[in-house]
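Participant: Sequence:
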Amino acid sequence: MSSAPTPNLSQLFQTAHSEGLLSPRSLQALQNLDLGQQIQAGLGVSVDDVHAAEVVLVTMMIDDSGSIRFAKNAQTVRDGHNLVLFSLESSKQAPHILVHTAYLNGHVLFPYLPLAVLDPQGQPGAARYLRNSAVCDLDDRNYDPRLGTPLYDQTVVLLGRVLAKYQEFADAGVIARTVTLIITDGADEGSQRATAATVRPLVEDLRHERHIVAAMGIDDGGRTDFRRVFREMGIDDQWILTPGQSANELRRAFQVFSQSAVRASQGAAAFYQVAGGGLTSH
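Note that this note's numbering numbers the sequence shown so that position 189 is 189, with each residue one more than the last.
It is worth saying that the hints were derived from the structure and are not from the lab. Quick reminder that beta carbons are idealized off the backbone N, C-alpha and C, glycines included. You may find that some hints are simply not true.
Stated by the list, open to error - Label-pair distances were calculated between CB atoms; the ranges are:
hint, residue 1, residue 2, range
1, A268, A41, 29 to 39 Å
2, Q28, F70, 34 to 44 Å
3, D49, Q255, 28 to 38 Å
4, A172, Y129, 19 to 29 Å
5, P95, Q11, 20 to 30 Å
Can you make the complete structure from the sequences, with help from the hints?
Facilitator: Laid out in structure tokens, this is it:
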């Protein structure tokens, strides 16, 4: 692995701004909120260590609030996250996919990493890939939801990472496309710096031919209008999932997202088709 210097976030964001990807409002939000350390924590692998002409960045933010546990949804959320990774891993595009999972309260489960790596025991002349051992599933040891719901604060951090990693690849001449999923089972509680209005320009900037931002609002007994919450954050209605609390509904929602993410990883034409069409079912 190379010993590349830590990416200069300010420079990456300024470049994204000068190239028209990042609006003045988004640039101001990322600079004013002083999120450098939090964003850096998820950037992961050096671009110099990724040998590909094109990559897909799949990013998930998993709700780890106590209400997930109280509603007895923790295992279903674990299974759903793991299904997404398994589906991507099983696709032919796995060697070109980088994945990153963080929790809604800021913990980084793993930063951006290649999903698949070459099997050192593979036969000569036949490329064989295995799941990267550092890309871990959710289990009852690493996922125990019991915290709050700082939805807006952490969405800004997450999208800052998406933008920074995308720009890193762009600066290196690598074509990158991004697919991001934000999961919550409640409205924002506990954000200290950001509001829906802070998040919105970042999401709108990512309404771009190479970016998809999706959101899943798990039913909290009807207390939260998730479509309204996500729309206020700038997320397109066609990229909003609103499953109920049953295990079957949650599994179906994760399956819909995983199918869309796999299709989006199948090259430029497939990505643009998925980006324009949204999730296939709700």
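Participant: Next, verify each hint and record whether it holds.
Facilitator: Hint check:
1. Between A268 and A41 the CB atoms are about 30 Å apart, so this pair conforms to the stated range of 29 to 39 Å.
2. One distance hint, 34 to 44 Å for the beta-carbon pair Q28 and F70, holds here, with the actual separation near 38 Å.
3. With their beta carbons about 32 Å apart, D49 and Q255 fall inside the hinted range of 28 to 38 Å.
4. Between A172 and Y129 the beta carbons are some 22 Å apart, a value that agrees with the proposed interval 19 to 29 Å.
5. Distance hint for P95 and Q11: a CB-CB separation of about 29 Å, consistent with the stated range 20 to 30 Å.
Hint compliance for this structure: every hint is met.
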